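Residue numbers (this note's numbering), protein chains in the order written: chain H, 1 to 114; chain W, 115 to 432.
Simulated from the structure, these hints should not be mistaken for lab results.
Treat the hints loosely; a few may be bogus.
Unchecked claim - So, partial list: chain W residues that the calculated Cβ filter (under 10 angstroms) puts toward chain H: (1) Met-143; (2) Gln-152; (3) Met-153; (4) Arg-154; (5) Leu-185; (6) Leu-269; (7) Ile-297.
Bear in mind that the values here come from a model prediction, so they are computed numbers and not experimental data.
Using N, Cα and C, we set each Cβ at its ideal position, and we do this for glycine too.
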Amino acid sequence: MVDFVIFFTVGVLFVIGAFVASWLIAPHKPSAAKLSTYECGEEPVGGSWIQFNPRYYLFALAFVIFDVEILFLAPTLLVMRSFGFVAFIEIFIFLFILILGLSYIWRKGALEWM
Amino acid sequence: MLLDLLIILIKSAVALAFISLTAMFLVWMERKVSAHFQMRYGPMRVGWHGSLQLGADALKLLMKEDIIPKLVDRWVFIAAPVVVFVAAFLAYLVIPFSPVLYVKDLNIGLLYVFGVSSLTALSIMMAGWSSNNKYALLGGFRSVAQIISYEIPILISVLPVIMLSGSFSLIGITEAQRAFPYILIQPVAFFIYLIAATAEVNRTPFDLPEAESELVAGYNVEYSGMKFVMFFFAEYVNMFTVCALATILFLGGWQGPILPPFVWFLIKTYVLLFVLMWWRWTFPRLRIDQMMSFCWKLLLPLALANLLVTGLVMVLIK
């Protein structure tokens with residue numbers, strides 16, 4: 001844990017150091033045009049914090065399910081060698097339920113992008 | 115105790131120096147490889163065949179004005195490049211370059227690497243959202259959707275390796291391949307991993323998040339100066355990470371005859387990196403619906419089938 005904290009701190013300090021170095025060297029000459037939002041030279045119209053495509057939300061939900069599944073699966077796989085057939089049946093039942101779920105969202109069209 | 119801390123500190127600094135040099139070398143390599151694919155020379159002026167070009171570029175970027183636009187969410191905007199770099203850097207805590215060259219051997223090394231590298235998705239969302247720019251927001255959405263989708267096939271393609279080696283530790287997995295590398299018995303998993311990893315690091319043919327022709331540059335469009343460097347840097351570090359992981363999981367890591375282990379590790383990783391650069395000039399960019407259905411309807415079922423078949427064969431052989 002301590003090792004991780006040291007490693008992490010080294011990384012963060014490197015980035016902050018780079019920012020400070022660049023802040024010391026680089027020029028600072030802000031102007032209204034420079035500080036406006038970039039839209040290929042056009043005047044920006046409206047804000048950007050807008051409603052987004054709900055497709056992304058469905059994929060995020062499917063991701064969470066499968067990610068958690070993999071975490072649950074991992075310890076079983078680790079002991080696969082010593083447990084043999086029992087572990088395989090467990091994995092098979094677990095995956096079978098998930099594959100059912102996957103085919104359900106597939107049939108429902110949640111994996112289509114439109 | 116204090117000595118241990120000092121050793122970890124030195125190892126961390128060495129890891130940092132190593133990935134900084136690697137990232138710079140990779141940018142140069144990418145430019146040279148791309149140039150030669152197009153019958154050009156690429157950078158030639160600064161140093162031998164442009165080898166010092168990146169030093170010059172780094173200095174130039176250090177001296178660029180760092181603009182923070184007026185409408186951005188200031189603190190999130192500043193934090194995003196820190197998170198993206200740290201997420202890329204943290205993976206090097208466990209990656210073993212040779213039997214002795216590693217910072218720390220965690221017994222959950224593999225899960226740790228995937229855990230910290232998924233922080234990248236968070237930082238991209240932070241950058242895309244806080245920029246208050248439509249291109250950045252759309253690029254951020256696309257990038258996160260892509261990264262989290264392809265994370266699933268990557269993880270499932272790695273599971274057979276855990277099953278075969280019975281270990282999460284990257285050193286344990288490398289040593290389990292003493293007799294033969296796992297690519298020989300897991301070719302399907304290897305190719306799923308490589309394809310999904312290409313998408314994971316946003317490279318062609320899966321580079322929609324930064325599609326220059328429509329989104330300008332995607333989530334990092336509002337960034338300039340040192341903050342932009344961090345995004346750029348992290349991209350190449352992540353590229354090295356996924357190739358190093360492929361080397362460890364499927365190609366036997368540092369193991370090989372005659373040459374020293376560290377050299378073998380680098381040779382294998384750089385071959386994969388070259389393949390990734392090669393793909394960039396071979397495949398056209400996919401559409402987003404093609405990309406998503408390729409992941410969920412082809413790679414995911416294939417990876418699941420591969421996992422089940424591997425399990426069945428292991429049980430039967432036993």
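Evaluation of the provided hints:
no.	hint	verdict
1	Met-143	violated, 22 angstroms
2	Gln-152	violated, 26 angstroms
3	Met-153	violated, 31 angstroms
4	Arg-154	violated, 28 angstroms
5	Leu-185	holds, 6 angstroms
6	Leu-269	holds, 5 angstroms
7	Ile-297	violated, 19 angstroms
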